[in-house]
Structure formats: structure tokens, C-alpha cells
Amino acid sequence: MAIVEVKNLIKDYGALRAVDGISFDINEGEIFGLIGPNGAGKTTTLRIISTILKKNGGEVAIFGMRLGHEDARIREIISYLPEEAGAYKNLTGFGYLDFMAGFYAKNPSEKKAFIERGVEIADLGGRLKSKVSTYSKGMTRKLLVARALMIMPKLAILDEPTSGLDVVNSIEIREIIKGFAKNGVTVLLSSHNMLEVEFLSDRVALIDKGKIFDTGTPSKLKEKYNARNLEEVFMEVVK
Amino acid sequence: MSKFTNILKKDIKELVTLELIVPLLIMVVLFSFIGNLVSSETKKAMAPQNIVVLDYDNSNLSTNLMNELKQGNLIPETPSVKNMQSAIDYAKEKGIKVVIEIPKGFEDSIFNLKQPEVNIYSVMNGLSITSLSQPSMVRNVFQLLNDSISSEFIKQKFANVSPEIVKNPIKTKDFVILNKTVAEVSPEIVSQAFMSQNIFIPMILVFVILYSSQMLASLIALEKQNKTLETLLTVPIQRPLIVVSKMLSSGIVTLIISVLYLFGMKNYMGGISGGEIGSTQYSGVLQKLGLTFTSQSFILLGISTFLAILAALAVTTILAVYVEDVKGAQAMLTPLMVLLMIPYFITLFTDPNTLSLPLKIFIYAIPFSHPFLASQNLLFGRVSFVIYGILYESIFSIVCVMIATKIFSSDKILTAKVKWGKLFKSR
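As they're listed, the protein sequences go chains A and B. Note that our numbering has the first sequence beginning at 146, numbered continuously upward. Note that our numbering has the second sequence beginning at 255, numbered continuously upward.
Hints may contain errors.
[As the list claims (entries may be wrong)] No farther apart than 25 Å at their CA atoms in a straight line, the calculated lysine-lysine pairs in the BS3-like style are these: (1) B:K263 / A:K257; (2) A:K200 / B:K660; (3) B:K666 / A:K199; (4) A:K257 / B:K267; (5) A:K256 / B:K257; (6) B:K267 / A:K276; (7) A:K276 / B:K263; (8) A:K274 / B:K267; (9) B:K336 / A:K274; (10) B:K263 / A:K251; (11) A:K257 / B:K257; (12) B:K581 / A:K256; (13) B:K666 / A:K354; (14) B:K257 / A:K276; (15) A:K251 / B:K267; (16) A:K234 / B:K257; (17) A:K367 / A:K323; (18) B:K666 / A:K276; (19) A:K299 / A:K251; (20) A:K282 / B:K581; (21) B:K520 / A:K199; (22) B:K267 / A:K256; (23) A:K299 / B:K267.
[Said to hold, decoys possible] Distance windows between CB atoms, simulated: (24) A:K199 / B:I455: 42 to 48 Å; (25) A:I316 / B:S648: 57 to 63 Å; (26) B:F258 / A:K152: 45 to 51 Å; (27) B:I275 / A:A160: 46 to 52 Å; (28) B:V653 / A:A160: 58 to 64 Å; (29) B:K614 / A:L161: 45 to 51 Å; (30) B:I455 / A:E204: 52 to 58 Å; (31) B:E578 / A:I155: 56 to 62 Å; (32) A:G184 / B:V653: 54 to 60 Å; (33) A:K199 / B:F517: 45 to 51 Å; (34) A:K199 / B:K267: 30 to 36 Å; (35) A:I155 / B:F560: 54 to 60 Å; (36) A:K152 / B:S638: 39 to 45 Å; (37) B:E578 / A:G209: 54 to 60 Å.
[What the hints assert, rightly or not] Output of the computed footprint for chain B on chain A, the stretches with three or more beta carbons under 8 Å from beta carbons of chain B: (38) 194-206; (39) 247-257; (40) 332-339.
Worth flagging that the hints you see were computed from the coordinates, not collected in a lab. Values in this document were obtained by computation on a predicted structure and should not be read as measured data. Every residue gets a Cβ at the ideal spot worked out from N, C-alpha and C, and that includes glycine.
Please build the complete structure, drawing on both the sequences and the hints.
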């Protein structure tokens with residue numbers, strides 16, 4: 146069942162059309178990847194679905210709720226991880242998780258459960274008691290991924306989730322994302338790392354210059370374009 | 255805990271940093287220290303001080319002069335020295351600041367109306383209060399003596415006339431009329447009394463508006479600089495509450511800082527004025543003229559001040575949307591600072607109601623002018639001006655808050671930025 150329906154989505158920045166009538170669906174529990182180069186319109190699409198930016202045209206429905214009409218309700222079930230995100234430097238890692246859990250938890254015990262999950266995902270041990278200003282880029286990213294997933298959102302929107310992480314941490318985070326999807330969290334992610342998306346995603350959409358060129362499972366796309374990996378698929382599609 | 259309390263607590267934590275607390279505490283301690291230092295110096299200057307007197311006359315009148323000096327808290331020492339230089343050396347050695355030389359024939363010259371010259375030498379080692387106050391005290395004694403001797407001369411010439419009448423044939427009497435009340439006092443005294451009791455109001459007002467605006471601008475700019483804004487905009491809390499939280503946290507922190515600042519300033523001013531600032535010495539004059547705030551005046555002044563702060567914060571929110579970092583936020587506040595300083599200085603040096611019509615309109619159009627104008631208008635019975643001002647401030651604040659929340663709910667919060675190069679590019 147499609148829980149995210151995007152139809153003819155358009156976004157203009159002045160005279161520039163950043164998203165040009167794209168359409169795709171995401172099924173419940175699925176990991177859906179948007180792949181494309183820098184400036185393809187991936188981040189703009191994620192920002193629109195995350196209720197940050199207003200669309201100029203088209204329709205988006207998330208769990209049946211219409212974007213632009215029921216944004217407050219949509220925000221209660223989604224969690225967005227921006228590509229270039231940061232955390233409040235004056236707070237400790239633990240304080241940051243506590244602050245963010247405060248927006249989603251309905252009662253103290255739920256909040257406690259969220260924080261415990263966040264602590265587990267972040268896996269920063271005693272450093273969670275240190276201020277975020279002392280964290281490395283990788284540590285901050287792990288904290289942010291933990292923040293995005295700890296509330297068990299119905300839809301996790303992850304923009305370049307492993308950006309800034311080393312190989313070991315990237316693999317760890319990919320496994321965590323896969324695990325969450327198995328537990329019912331639907332994931333929409335974007336990346337220009339096509340190999341990562343190939344590993345993670347159930348289905349992908351190839352996007353460039355604001356348009357989606359093709360959508361499908363990585364294996365079917367590779368078969369269709371007679372390619373060894375998604376990078377080769379992409380090059381074939383945008384040729 | 256509500257979502258609003260959650261974000262408010264975080265915003266306050268963002269503002270109350272060591273970088274804020276340490277300079278603030280240093281300022282409070284420093285102000286108190288300087289106040290105490292000046293106060294103890296003043297007390298020292300007012301205590302009985304030794305001076306050196308070289309009396310070459312040894313007459314009744316010179317002895318009388320020395321008694322007068324004693325009355326004026328100056329203790330004359332008469333060392334047995336040969337000349338003026340030795341007297342100065344003696345004074346320097348003993349740390350005495352003033353040497354008086356009474357010439358031979360002092361008394362005779364006075365009685366023969368030849369105006370003898372008394373030299374007063376001040377030993378200056380710096381610009382301390384003691385160095386400056388002692389010669390002044392000596393001159394006061396001579397002034398009293400001159401007055402007393404001249405009165406004696408007048409008495410001798412005009413036996414039935416008061417010397418006071420001869421010295422001042424015309425006597426003036428000052429009255430101040432305020433609304434329907436008349437009081438026997440000079441306008442300078444009224445102005446001084448008013449200033450002494452209300453000196454802190456505009457100062458604190460400027461401080462509160464500027465400080466809270468800067469804090470708010472930094473808070474919004476920090477969200478952008480630290481890349482936390484995008485995430486914040488997706489959490490389930492109404493956008494207007496994000497704006498209100500930032501405005502309220504800046505207001506709360508500024509209020510606490512203002513109390514500390516006022517405490518330090520009070521200690522400082524109390525020290526340099528000997529505790530006379532804001533004292534009740536003039537309150538009688540002000541009360542007689544009705545120049546005191548009633549509880550209704552305080553309420554109106556409070557509302558006007560609150561609305562001015564709200565207007566400034568709303569304008570700041572709108573301006574801060576266009577910046578990308580904390581440095582940019584400070585630069586963006588320059589127009590606000592100018593609009594704040596104009597009414598501050600104008601109300602400090604003049605009555606805006608006496609200005610030309612275009613200038614008056616300009617001043618009244620600045621929403622931050624109204625609390626500055628309110629105290630004078632309330633005291634001088636122009637209550638309707640204050641009420642109209644409050645109405646104007648309310649409309650301005652509501653419109654600005656609506657614009658600010660609308661911007662926070664739109665793409666502009668992420669996409670708007672000022673391109674300084676384009677702004678200043680010559681056409």
C-alpha cells in the first residue's frame with residue numbers, strides 16, 4: 146500500500162524550476178531512494194515532503210494527509226534528517242536527544258523509551274554527557290541519525306544519511322536504517338552515493354535536472370539497462 | 255512538559271552561556287567597586303584636611319581668617335619656615351595639598367579698601383577628588399569672609415539699611431506654573447529634580463530594547479549558523495510558537511540582565527553622587543507640582559514599554575530572517591539601533607513637542623519613541639498622547655508579529671538572504 150503519493154510535484158525558486166513535475170509512490174515499510182547528482186532536485190523534494198518548503202504545483206499525500214493542508218499532523222509522524230544538519234552546541238548529546246524527544250513523546254515513559262533508543266543508536270557512550278560543540282563531524286552525524294530514528298517515525302526522510310561518516314560508521318548506520326525499515330518505519334532517502342542507495346533501497350528513482358527519469362528496484366533497473374550497478378544505470382538513463 | 259516549555263527552556267539555555275555570565279558579573283562587580291572607590295574618595299575629601307598658612311601679617315583679621323578656615327573643615331598649620339619655597343617643601347613632605355600666603359599689611363589694606371592679595375598655592379599630584387576639592391573649599395572660606403567684611407563696610411556707611419539690599423538692590427523670585435499648580439521654585443530645580451529621579455528610565459529602556467533585540471537576532475542566526483533550523487521546522491510544534499519562544503526567552507534573559515545592570519549602576523551612581531541620585535531631596539517639589547507618577551501612569555508607562563520591546567523584537571525577527579550567521583545579525587540590527595537612538599537623544603535634550611511638525615511626525619512614527627515620550631507626557635497631563643501612542647504601538651507590533659510568523663511559516667526562512675554586495679552596488 147502506498148503511504149506516500151507524489152503527483153506532478155513542481156517547485157520554482159524564482160525563474161529556476163528545481164523540481165519539474167515529478168511523481169512517485171512509496172509503500173509502507175519500504176526504503177525508497179532518490180538518486181541523482183548534486184543540484185538534481187533531491188533535497189528540494191525531501192524538504193517539500195518534510196513540510197519545510199511550499200510546493201508550487203502538484204499533490205503530495207502522506208498516510209492520506211494532504212501536504213499544504215494538514216502539515217501540522219504530518220509533522221507528528223515524520224522525522225527529517227537534513228544533509229547539512231547540526232545540533233545545539235550548548236547542549237550535551239544527551240540533552241539534545243532529551244530536547245528532541247520532548248516534541249514527540251506523549252508521556253514521560255514514552256520519552257524515556259525514545260531517549261534510550263537514541264542512546265543505543267548513537268552509540269557514543271560517555272561522550273553523550275559532553276557538549277555537542279566538542280563532537281567530531283562523524284559523532285554529530287551519528288547523534289543526528291539517532292535523533293531522527295529514536296521516535297520510530299512512520300516516515301523517516303533522510304538526506305544523505307551517512308554524509309561525513311567513515312566507512313565503519315557508514316556501514317553501521319546503513320544496517321540500523323535497514324533494521325528500522327524491517328520494524329515498520331518507511332524510509333525516503335536521498336544520496337549521490339549510488340552504491341549506498343543500491344545497498345539500502347528496495348526501490349529507487351533516478352532524478353536529474355528536476356525530473357525523474359525512471360523508477361524501479363535496483364535489480365530490475367540494472368537488468369533493464371544492462372548495467373552492472375546503479376551508477377551505470379544512471380549514466381545510461383541521463384545520456 | 256509542553257512542547258512550548260521544551261523549546262523555551264532550550265532557547266534560554268542557548269542564551270545563558272559563560273560568555274554572557276562572566277562579563278555581566280565583571281560589570282556588576284566593577285560598577286560597585288568604582289562606586290565604592292569614588293564614594294570613599296569623596297568622604298576623604300570632605301573630612302578635615304590640613305593646610306599650610308604662611309601668615310606674614312599676624313593681625314586680628316588674619317587670626318580670624320584661620321578660625322574661619324577651621325570652621326570650613328580646614329586645619330591650618332603654621333610651620334616656622336623662612337620663605338614660600340620652604341613652606342611648599344613642608345607641604346609636599348607632609349602630603350598637604352594647599353598653601354596660603356597672607357601678605358604683610360593684610361588687615362590694614364582691607365580697612366583702607368586697598369584689596370590685598372592672598373596667594374593660594376595648590377600642590378597637584380594628579381586629578382584626585384582631594385586635589386581639586388581643597389582649593390575650592392579654601393576659596394569658599396574667602397568668599398564667606400569677603401561677604402562678611404563687605405557687609406561690615408556697608409553697615410558702617412548705611413547704618414539703617416540691610417547690607418543685603420545694597421548688594422542686591424533687585425530681588426528675583428522664581429515660580430513654576432504647571433497646569434493649574436503654582437510652586438515657588440526655579441525651572442532648573444524642577445528639571446534637576448525630575449532628572450535625578452528619572453535618569454534610569456530611558457537608560458534602561460535603551461539597554462533592554464537593544465540587548466533583547468541582539469539576543470533574539472543571535473538566537474535566530476545561531477539556528478541558521480549551526481544548521482539546526484531545518485530540523486526545528488519539521489518538529490511537531492506550531493511555527494508561531496517557535497517565534498514566540500525566541501522572543502520570550504530573549505525578553506526573560508534581558509530582564510534578568512537588566513536587574514543586575516540596574517543593581518551595578520545604582521551602586522556606581524550612588525557612589526559618585528553620595529547616594530543623592532533618586533533620593534527624596536526633591537520629591538517635595540515634584541509632589542507639589544504633581545510631577546509624580548500615579549499608579550495609572552505606571553500602568554500606561556509599563557504598557558508602552560512592553561509594546562516597544564515587542565515591536566523591536568518583532569522587527570528583529572523579520573530582519574534576522576535575512577542573515578546567515580551571528581555577525582550578519584549584528585550588522586542587520588543597525589537600522590533598529592538608529593531608530594532607537596533618535597528618540598533617546600531627542601528626549602534627553604529637548605521636548606519633542608516643541609519640534610517642527612515634520613520632525614514631530616517622524617519622531618512619533620518611530621514606535622520605540624513612545625515610552626521615551628510617555629513619561630514626560632504623563633507628568634505634564636497629556637494622557638491622550640500616551641494612549642494614542644499605545645494604540646499605534648499595538649497596531650505596529652501586531653502587524654510585525656504577524657509578518658514575522660508568516661515568514662517563519664514560509665520558504666523565506668530558509669531561502670531569504672541579503673546580498674550585501676548587490677545592496678551597495680552603485681547604479
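**Asked** Which numbered hints are broken by the structure, listed smallest first?
**Response** 9, 12, 18, 21, 23, 26, 28, 31, 32, 35, 36, 37, 40
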